[in-house]
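Novice: Using the sequences plus the hints, can you model the full thing?
2 protein chains.
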Amino acid sequence: METFDTIRTVLAVRSFKDTPIPEPIIQHIVEAGRLTASGGNSQPWHFIVVRDKETLRQLGQLARTGPYIPQAPLAIVVAMDRNPLAISDGSRAIQNMILAAWSQGVGSNWVGYNNLTEVNPLLGIPEEVSVLAILPFGYPAEAVGKGQKKRKPLGEVAYKERWGKPFE
Amino acid sequence: METFDTIRTVLAVRSFKDTPIPEPIIQHIVEAGRLTASGGNSQPWHFIVVRDKETLRQLGQLARTGPYIPQAPLAIVVAMDRNPLAISDGSRAIQNMILAAWSQGVGSNWVGYNNLTEVNPLLGIPEEVSVLAILPFGYPAEAVGKGQKKRKPLGEVAYKERWGKPFE
Numbered sequence: 167m168e169t170f171d172t173i174r175t176v177l178a179v180r181s182f183k184d185t186p187i188p189e190p191i192i193q194h195i196v197e198a199g200r201l202t203a204s205g206g207n208s209q210p211w212h213f214i215v216v217r218d219k220e221t222l223r224q225l226g227q228l229a230r231t232g233p234y235i236p237q238a239p240l241a242i243v244v245a246m247d248r249n250p251l252a253i254s255d256g257s258r259a260i261q262n263m264i265l266a267a268w269s270q271g272v273g274s275n276w277v278g279y280n281n282l283t284e285v286n287p288l289l290g291i292p293e294e295v296s297v298l299a300i301l302p303f304g305y306p307a308e309a310v311g312k313g314q315k316k317r318k319p320l321g322e323v324a325y326k327e328r329w330g331k332p333f334e
Numbered sequence: 167m168e169t170f171d172t173i174r175t176v177l178a179v180r181s182f183k184d185t186p187i188p189e190p191i192i193q194h195i196v197e198a199g200r201l202t203a204s205g206g207n208s209q210p211w212h213f214i215v216v217r218d219k220e221t222l223r224q225l226g227q228l229a230r231t232g233p234y235i236p237q238a239p240l241a242i243v244v245a246m247d248r249n250p251l252a253i254s255d256g257s258r259a260i261q262n263m264i265l266a267a268w269s270q271g272v273g274s275n276w277v278g279y280n281n282l283t284e285v286n287p288l289l290g291i292p293e294e295v296s297v298l299a300i301l302p303f304g305y306p307a308e309a310v311g312k313g314q315k316k317r318k319p320l321g322e323v324a325y326k327e328r329w330g331k332p333f334e
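These protein sequences, in sequence, are chains A and B.
Under our numbering, the first residue of the first sequence is numbered 167, with each subsequent residue one higher.
Under our numbering, the first residue of the second sequence is numbered 167, with each subsequent residue one higher.
Heads up, some of the hints might be wrong.
Which residues of chain B face chain A? A partial, calculated answer using Cβ under 10 Å [to be verified]:
| no. | residue |
| --- | --- |
| 1 | Pro186 |
| 2 | Gly205 |
| 3 | Leu288 |
In the EDC-like style, the derived pairs of lysine to aspartate or glutamate whose C-alpha atoms are separated by at most 16 Å in a straight line are [stated by the list, open to error]:
| no. | chain 1 | residue 1 | chain 2 | residue 2 |
| --- | --- | --- | --- | --- |
| 4 | B | Lys326 | A | Glu189 |
| 5 | B | Lys318 | A | Asp247 |
| 6 | B | Lys326 | A | Glu220 |
| 7 | A | Lys315 | B | Glu197 |
| 8 | B | Lys331 | A | Glu168 |
In case anyone wonders, no lab produced these hints; they're calculated from the structure.
Being a predicted model, the structure only gives us computed values, none of them experimental.
Ideal Cβ positions, reconstructed from N, Cα and C, are used throughout, including at glycine.
Specialist: Written as structure tokens, this is what we have:
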């Protein structure tokens with residue numbers, strides 16, 4: 167899908183078909199994370215690609231806001247080295263992965279926010295590495311309304327030359 | 167440009183032609199920011215679109231790592247409400263804007279990191295809003311090596327099912 171169309175139409179998906187995601191698409195998603203720019207090119211990320219049903223079930227139990235994770239055929243756990251730019255760098259990588267997936271018809275959603283310490287022992291992640299998010303990936307179970315996003319109007323968030331002068 | 171190709175090829179651009187960016191492309195870039203997903207859909211961002219030469223010159227002086235900003239025909243100043251997810255939400259919006267631009271042949275680079283307090287009085291931004299970044303945008307002055315990124319190999323950043331088991 168063309169880049170701006172992907173950005174324009176991508177929506178959070180929380181209900182998945184159990185259709186497996188083809189291997190080349192999974193590779194693209196992981197590559198989209200790996201290739202992201204980061205502060206000082208430090209690449210402070212680790213992506214754990216989970217397809218095991220039992221692990222997905224446990225991730226769904228550990229993530230308070232992600233009980234639907236086990237429905238997805240795939241989840242990527244995003245773990246970050248602790249450095250001052252990690253949240254920012256990890257967020258950019260997550261955005262890239264969600265867009266790469268959506269452009270191939272695969273939906274996702276950001277689950278958790280640096281509050282997933284119980285995932286460390288489950289996946290053998292060292293204590294000094296922080297789990298920023300779990301991203302379940304799968305084909306949407308229901309059609310998602312393309313481009314129907316609830317967002318503030320342009321004039322409220324974009325200004326021309328100076329604060330307060332609406333950009334049109 | 168197709169989404170994954172955009173993600174794969176985008177590189178930081180620090181040297182710009184003075185060719186103006188067509189209005190529809192500027193609109194796409196700003197829309198890419200506005201349409202970004204955010205925690206609790208709080209949309210805590212403000213985008214100040216700067217084309218005034220004198221303002222660009224002053225931004226280049228204020229941003230220690232962005233002396234090249236005045237070369238660019240456009241800069242977007244990204245200012246965030248102070249909330250716990252602002253850095254993450256703002257980083258996702260910045261990623262979207264950089265990708266939307268690159269897919270149309272327009273380069274950019276992330277300048278500054280929440281350390282641009284002198285930009286507030288210059289643009290009339292309230293003190294309680296924090297300038298996360300300045301993004302200069304323009305057509306690259308030199309050809310940028312497409313896809314030649316320095317990144318860790320896949321096996322070092324992606325694992326299969328558990329930490330430490332390389333994903334291939």
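Novice: Measuring from the C-beta of Gly205 (chain B) to each C-beta in chain A, is the shortest one below 10 Å?
Specialist: 7 Å, holds
Novice: Leu288 (chain B) was flagged as interface toward chain A. Is the shortest Cβ-Cβ separation under 10 Å?
Specialist: 9 Å, holds
Novice: Can you confirm whether the C-alpha distance between Lys326 (chain B) and Glu220 (chain A) stays at or below 16 Å?
Specialist: Status holds; Cα separation ~14 Å.
Novice: Let me know if the C-beta of Pro186 (chain B) comes in closer than 10 Å to any C-beta of chain A, holds or violated.
Specialist: Interface hint status for Pro186 (chain B): violated (15 Å vs cutoff 10 Å).
Novice: Sort out whether Glu197 (chain B) lies within 16 Å of Lys315 (chain A), counting only the CA atoms.
Specialist: Since the Cα atoms of Lys315 (chain A) and Glu197 (chain B) sit roughly 12 Å apart, the hinted pair holds (cutoff 16 Å).
Novice: Measure nothing beyond the straight line between the CA atoms of Lys326 (chain B) and Glu189 (chain A); if it is 16 Å or shorter, mark the hint as holding.
Specialist: Answer holds: Lys326 (chain B) to Glu189 (chain A) is near 13 Å, not above 16 Å.
Novice: Would the pair Lys331 (chain B) and Glu168 (chain A) pass a check requiring their Cα atoms to be no farther apart than 16 Å?
Specialist: The hint is violated at about 34 Å.
Novice: Does the alpha-carbon distance linking Lys318 (chain B) and Asp247 (chain A) stay inside the 16 Å limit?
Specialist: 14 Å, holds
The earlier numbered hints that this structure contradicts are 1, 8.
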